[in-house]
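Novice: Chain by chain, the residues:
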Amino acid sequence: MPANDSPGSVIEDGVAKDAAPISSAEAAPEAATRRHVVDEPPRAQLEQKLYEPRRAVHNRRIDGPFRRFKWAMMAITLTIYYGTPWLRWDRGPYAPDQAVLVDLAHRRFYIFAIEIWPQEFYFVAGLLIMAGIGLFLVTSAVGRAWCGYACPQTVWTDLFQHVDRFVDGDRFARQKLDAAPWTWGKALRRAFKWSIYLAIGFWTGGAWIMYFADAPTLVHDFWRGEAAPIAYITVAILTLTTVTLGGFMREQVCIYMCPWPRIQTAMLDEKSLIVTYKDWRGEPRGSVKKAEKAPGEFGDCIDCTYCVQVCPTGIDIREGPQIGCITCGLCIDACDRIMADIGRPRGLIDYATLDDCKAEAAGAPPRSPWKSILHPRTIAYFLIWGSVGAGLLFMLGARSHLALSVAPDRNPPFMLMSDGSVRNSYTLRLRNMQSRPRRMEVALDGLPGAVMWSDTIDRKNAAARQQFTVPADQLLTVRAYIVAPKDTPSHDFTMTLTSLDQPREHDRETVRFTGPGE
Amino acid sequence: MANKRIDAPTGTATVGHEWDGIEELDTPLPRWWLWTFYLTILFAIGYVIAYPAIPMLHRGTVGMLGWSSRGALAKDMSAADMARQSSLERIAATDLDKLPANPDLLRQAVAGGSAAFKVNCVQCHGSGAAGSKGYPNLNDDDWLWGGDLKSIHTTLEHGIRQPGDDATRQSMMPGFEGMLDAGQMDAVAQHVLSLSRKAKPSPQGGQLFAQNCAACHGASGEGNRTLGAPRLNDAIWLYGGTKEDIVRQMIRPRMGVMPAWGGRLDPVTIKMLAAYVHSLGGGEQTPAMATVTSAEVGKVQAAPAGADTPAQTPNARK
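Sequence lines, in order, name chains Y and G.
This note's numbering puts the first sequence at residues 20 to 537.
This note's numbering puts the second sequence at residues 11 to 328.
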């Protein structure tokens with residue numbers, strides 16, 4: 020730090036003199052412009068903004084293949100989200116008939132033919148792993164396609180932007196209305212628009228709670244004011260977050276809040292598809308007229324800024340790939356349309372990999388982005404993703420619908436009966452995962468002469484095998500007493516559980532019988 | 011040092027510091043972030059006003075809502091009491107003998123008894139109810155005073171050898187010091203052991219047993235529950251099963267006591283304790299009720315269990 024930078028004094032030739040404060044840019048201009056020689060604004064003009072207001076994005080209407088794909092994705096994702104809870108799936112009289120249901124109260128998770136119990140939550144963990152690796156897979160194949168088309172933030176932002184357009188008109192009308200002073204007309208328009216926001220938000224929150232209870236019953240209860248308080252609270256919170264995130268935050272979520280753009284910048288490489296502006300073809304920019312006057316001087320970009328106007332996150336793709344670019348392709352639609360109008364080849368802005376860009380800049384013909392999808396990294400991700408999925412499917416197919424778990428009493432570990440025989444107590448848990456009551460038999464194996472009774476079976480009926488009826492889709496807890504002849508030593512034995520109906524299924528557990536001797 | 015400038019590629023100001031040629035951009039925060047920050051400050055102020063927050067000299071500020079963690083606990087406890095109230099009332103209204111006919115209610119009684127046992131009984135009988143030398147094991151099938159629900163309930167209510175309770179379990183074993191000599195005592199002990207085939211029979215001991223002991227303990231040592239005289243022909247020994255233990259018991263008999271819980275615990279708790287002790291595995295059926303109860307239990311078992319019985323709760327607390 021130069022000594023003369025301290026305010027109020029200047030040291031000159033070792034002598035401090037009082038002087039007016041001066042800025043470093045004035046005091047040492049050569050230091051300020053050491054690396055950036057050109058365009059350096061004087062120190063006085065430096066902006067001192069600590070906070071900046073959001074610049075509203077009013078994206079212009081556009082039509083084209085990517086816009087139509089976005090429409091289709093929006094239709095599909097919203098239909099899935101709003102419609103799924105209303106699908107029915109017959110599971111018989113003992114289980115709910117909603118196809119997708121997260122039954123938190125009874126701790127059951129139903130997805131069509133699959134029913135998951137809490138202890139099988141690894142299936143859900145597996146699905147989450149697949150979703151995670153799926154994002155890697157999609158990113159390595161087609162870049163930030165998730166961001167551009169399928170992310171809920173993108174879909175709902177898109178929906179709200181269409182509401183804006185429907186109420187206030189296209190980009191320029193909306194910009195004009197934003198700048199216009201508040202009048203009754205503007206207030207009325209805003210109230211109308213925000214009430215549509217609220218309706219969408221409410222519907223979004225309302226659809227969410229349908230996944231957690233029987234949808235028709237819940238709708239009925241909800242409107243009669245009889246649903247659980249948590250239902251109303253959830254709807255209120257989700258209405259608020261939907262309106263805030265989709266109606267007002269929009270691209271700010273992608274730029275400031277979401278970790279995914281950051282993760283993806285680390286995952287993209289020179290073989291990943293990105294939406295890019297082909298600067299070697301477009302620069303220097305010049306209007307059609309200028310190009311006509313000086314052929315060969317200018318590139319293909321006529322600087323019409325149509326690509327900027329249609330962008331839902333309000334960025335300029337010509338500045339290169341950036342965190343705000345969700346690769347939705349709307350700028351491609353816009354640019355292609357302009358290029359067609361002025362008779363130049365399409366694809367000035369296009370999906371391409373950095374490798375392709377380099378080759379193309381060096382003179383190679385443009386390569387179809389489809390050819391970039393298959394490369395080793397994509398295949399590796401696909402194999403990992405596929406094997407996790409196959410593993411899950413295998414486990415799902417191979418899992419048993421009954422299970423036995425045995426917990427020996429440890430206090431007291433054993434009990435001497437009056438005739439000298441040894442009794443151990445166990446807590447048995449018989450699990451029936453079928454939607455019907457099942458008759459099951461528990462048998463003792465490896466404990467000669469032992470008999471068993473339980474809290475519901477009298478000691479008079481003690482035997483080496485006992486039958487229980489396990490209620491549909493439930494766990495039956497049985498307190499079992501097993502008595503073995505006098506002087507039975509401590510050793511392991513096996514309890515087996517067998518279903519007495521079809522399909523025949525078994526489970527077994529090895530447990531310890533404790534006696535007075537070793 | 012304050013070498014601030016506009017970074018040309020981004021159009022953003024730098025913070026003005028430089029480390030080995032690396033500079034930092036001073037990107038302005040989004041304004042909504044600022045508003046969010048102000049909102050959290052407002053929330054904090056509101057929280058401080060509404061809830062206990064600032065520590066003062068003797069106690070903290072109370073807060074407008076009057077919330078306290080002790081108050082919240084009391085509220086939770088009374089809510090739990092309210093939730094238990096209906097099953098307690100049902101247990102109170104049900105005759106003890108009828109309890110096994112209602113498995114759902116029995117389960118609740120056993121669970122409630124288990125909790126009360128942990129508070130009142132484990133000091134002597136142990137947390138697993140296995141007892142120890144001198145304190146009876148409640149898991150086994152050997153009962154001094156009877157192992158059916160009614161008998162257990164009576165023992166609980168009036169205790170054993172409790173002064174001041176007329177209905178208390180009362181019995182007395184005389185000490186034989188001075189009445190029998192050491193050899194005679196040894197012979198009697200040998201006879202007692204022979205009842206459970208742990209020693210060879212002793213004719214002299216058998217004769218002495220018939221004269222001195224059989225009145226209470228029975229001719230073959232089968233005991234007498236009315237008198238609280240222990241069975242001597244089984245494998246369970248409250249004060250030890252060696253010859254020395256038996257002789258010691260004859261010289262200076264030990265007779266355990268148990269508090270009468272009738273005046274200390276409420277009737278429902280005693281009922282639940284009886285159900286719990288009965289459920290430990292050695293419970294016997296009430297003689298008169300035996301057949302009825304068994305049939306009723308069978309009927310309940312056979313009924314379809316799918317309906318709306320919460321099968322996750324049964325016995326889970328055991």
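In short, the hints are calculated from the structure, not lab data.
Possibly wrong hints are sitting among the right ones.
Pairs of lysine-lysine, PhoX-like flavour, derived with a Cα cap of 20 Å [as the list claims (entries may be wrong)]: (1) K212/Y / K195/Y; (2) K377/Y / K390/Y; (3) K14/G / K68/Y; (4) K253/G / K143/G; (5) K14/G / K505/Y.
Now the in silico label distances, taken between C-beta atoms and shown as ranges [to be verified]: (6) M87/G / I256/Y: 28 to 34 Å; (7) G410/Y / E99/G: 24 to 30 Å; (8) G410/Y / I51/G: 27 to 33 Å; (9) Q194/Y / A89/G: 39 to 45 Å; (10) G408/Y / G31/G: 45 to 51 Å.
Derived list of chain G stretches under chain Y, where covered just means 3 residues or more per stretch with a C-beta under 8 Å from a C-beta of chain Y [as the list claims (entries may be wrong)]: (11) 36–45; (12) 220–232; (13) 236–247.
Given the structure is predicted, the values throughout are model-derived calculations rather than measurements.
Don't be surprised by glycine CBs; every beta carbon is placed ideally from N, CA and C.
Novice: So, for every hint listed, does it hold in this structure?
Specialist: Cross-check of the supplied hints:
no.: 1; hint: K212/Y / K195/Y; result: 16 Å, holds
no.: 2; hint: K377/Y / K390/Y; result: 16 Å, holds
no.: 3; hint: K14/G / K68/Y; result: 13 Å, holds
no.: 4; hint: K253/G / K143/G; result: 16 Å, holds
no.: 5; hint: K14/G / K505/Y; result: 92 Å, violated
no.: 6; hint: M87/G / I256/Y: 28 to 34 Å; result: 30 Å, holds
no.: 7; hint: G410/Y / E99/G: 24 to 30 Å; result: 53 Å, violated
no.: 8; hint: G410/Y / I51/G: 27 to 33 Å; result: 50 Å, violated
no.: 9; hint: Q194/Y / A89/G: 39 to 45 Å; result: 57 Å, violated
no.: 10; hint: G408/Y / G31/G: 45 to 51 Å; result: 49 Å, holds
no.: 11; hint: 36–45; result: holds (count 7)
no.: 12; hint: 220–232; result: violated (count 0)
no.: 13; hint: 236–247; result: holds (count 4)
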